[in-house]
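There are 2 protein chains.
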Amino acid sequence: MIKVNVMYPYSEGARFDHVYYRDRHMPMVKARLGRACTYYTVEKGLAGRGPGAPPAFVAMCAFICDSVEGYKAAFQEHGAEILGDIGNYTDIAPVIQISEVVVERSDRARTGSSPTTFGYRIGLSESG
Amino acid sequence: MIKVNVMYPYSEGARFDHVYYRDRHMPMVKARLGRACTYYTVEKGLAGRGPGAPPAFVAMCAFICDSVEGYKAAFQEHGAEILGDIGNYTDIAPVIQISEVVVERSDRARTGSSPTTFGYRIGLSESG
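As you go down the protein sequences, you meet chains L and G in turn.
Read in order, the letters of the first sequence are residues 462 to 589 in my numbering.
Read in order, the letters of the second sequence are residues 462 to 589 in my numbering.
These are computed hints drawn from the structure, not numbers from a lab.
Do not take every clue at face value.
Repeated chains share a single entry, so a pair holds when one copy, or any two copies, can fit it.
Using 20 Å as the maximum straight-line C-alpha spacing, the simulated SDA-like pairs for lysine to any residue come out as follows [what the hints assert, rightly or not]:
1. Lys505 with Arg569
2. Lys505 with Gly540
3. Lys533 with Gly513
4. Lys505 with Pro515
5. Lys491 with Ser567
6. Lys491 with Arg569
7. Lys533 with Ala514
8. Lys491 with Glu565
9. Lys505 with Ser567
10. Lys533 with Arg483
11. Lys491 with Asn549
12. Lys533 with Ile553
13. Lys533 with Arg510
14. Lys505 with Tyr532
15. Lys505 with Asp527
16. Lys505 with Ser472
17. Lys491 with Tyr532
18. Lys505 with Ile557
19. Lys533 with Gly511
20. Lys533 with Gly509
21. Lys533 with Val480
With the rest of the complex left out, here is chain L (with noise of 0.2 Å):
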């Protein structure tokens, strides 16, 4: 399992319009990759580690996939119409990486690996 991370360096004053990016721009990059990507997260920066101080990253998304090849394979693709939908949101230039999931969520025990089968998941949800 693998997680193509996309984050946008903070700079006071920037544009980024996070609802476009919510709501318009990363359910079109999902549609577009399709199964290669089994979901992606969002986030808005808030603060970075002192008192005031500004986030590293205004906003941040990961897409989280099973193989690199399957998403460079989607990405390609679709890769003019993705990335000419940037501007609808910011001028920002991210910065990408791709990582390995070591820990996909510590209360579960899948660790980096993907489902393989059909099956039921029945269970007790508690609140945190």
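Take the given structure of chain L and dock chain G to it, following the hints.
Chain G only, in chain L's frame:
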């Protein structure tokens, strides 16, 4: 729901013990944060944007929490121990940022909010 990102910048030859980080440091931090943290994620940087480009960050983790206040209170109590453990896996100073979770994961209905009730979840899980 907020996300505390800890991101270790990549530099050629810098020490980072990914095994210690995954097996020792992160579980210890989670144990100290307790219910202040719902779960954490860990990743290992593989590559940057272009061919042969190194990743911006050699490793990253994130703590998904209900609130900044809860996280900070727990961290304040155990900060010395947590920070004191860093030298066991790296000398790299991390970039830290707090983000608002906008989309926790795109394939689940819950978006940026915690479950608040006990209940049963019955679902069909499909292979990816």
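Against the structure, the hints come out as follows:
1. Lys505 with Arg569: This pair counts as between: shortest inter-copy Cα distance 19 Å, intra-copy 25 Å.
2. Lys505 with Gly540: Neither, since 24 Å and 25 Å both go past 20 Å.
3. Lys533 with Gly513: Between copies only: 15 Å across chains, 38 Å inside a chain, cut-off 20 Å.
4. Lys505 with Pro515: Classified as within; 12 Å inside a copy, 25 Å across copies.
5. Lys491 with Ser567: between (25 Å within a copy, 9 Å between copies)
6. Lys491 with Arg569: Between copies only: 14 Å across chains, 24 Å inside a chain, cut-off 20 Å.
7. Lys533 with Ala514: between (35 Å within a copy, 15 Å between copies)
8. Lys491 with Glu565: Both ways: Lys491 and Glu565 sit 19 Å apart in one copy and 15 Å across, limit 20 Å.
9. Lys505 with Ser567: between (22 Å within a copy, 15 Å between copies)
10. Lys533 with Arg483: For Lys533 and Arg483, neither the intra-copy (22 Å) nor the inter-copy (27 Å) Cα distance is at most 20 Å.
11. Lys491 with Asn549: within (17 Å within a copy, 39 Å between copies)
12. Lys533 with Ile553: neither (22 Å within a copy, 30 Å between copies)
13. Lys533 with Arg510: between (34 Å within a copy, 11 Å between copies)
14. Lys505 with Tyr532: between (24 Å within a copy, 18 Å between copies)
15. Lys505 with Asp527: Intra 25 Å, inter 15 Å, cutoff 20 Å: inter-copy only.
16. Lys505 with Ser472: Within one copy, since 14 Å is at most 20 Å while 26 Å is not.
17. Lys491 with Tyr532: within (11 Å within a copy, 31 Å between copies)
18. Lys505 with Ile557: both (16 Å within a copy, 14 Å between copies)
19. Lys533 with Gly511: between (37 Å within a copy, 12 Å between copies)
20. Lys533 with Gly509: between (32 Å within a copy, 13 Å between copies)
21. Lys533 with Val480: Neither way: Lys533 and Val480 sit 26 Å apart in one copy and 28 Å across, limit 20 Å.
Hints 2, 10, 12, 21, counting from the list given before, are not met by this structure.
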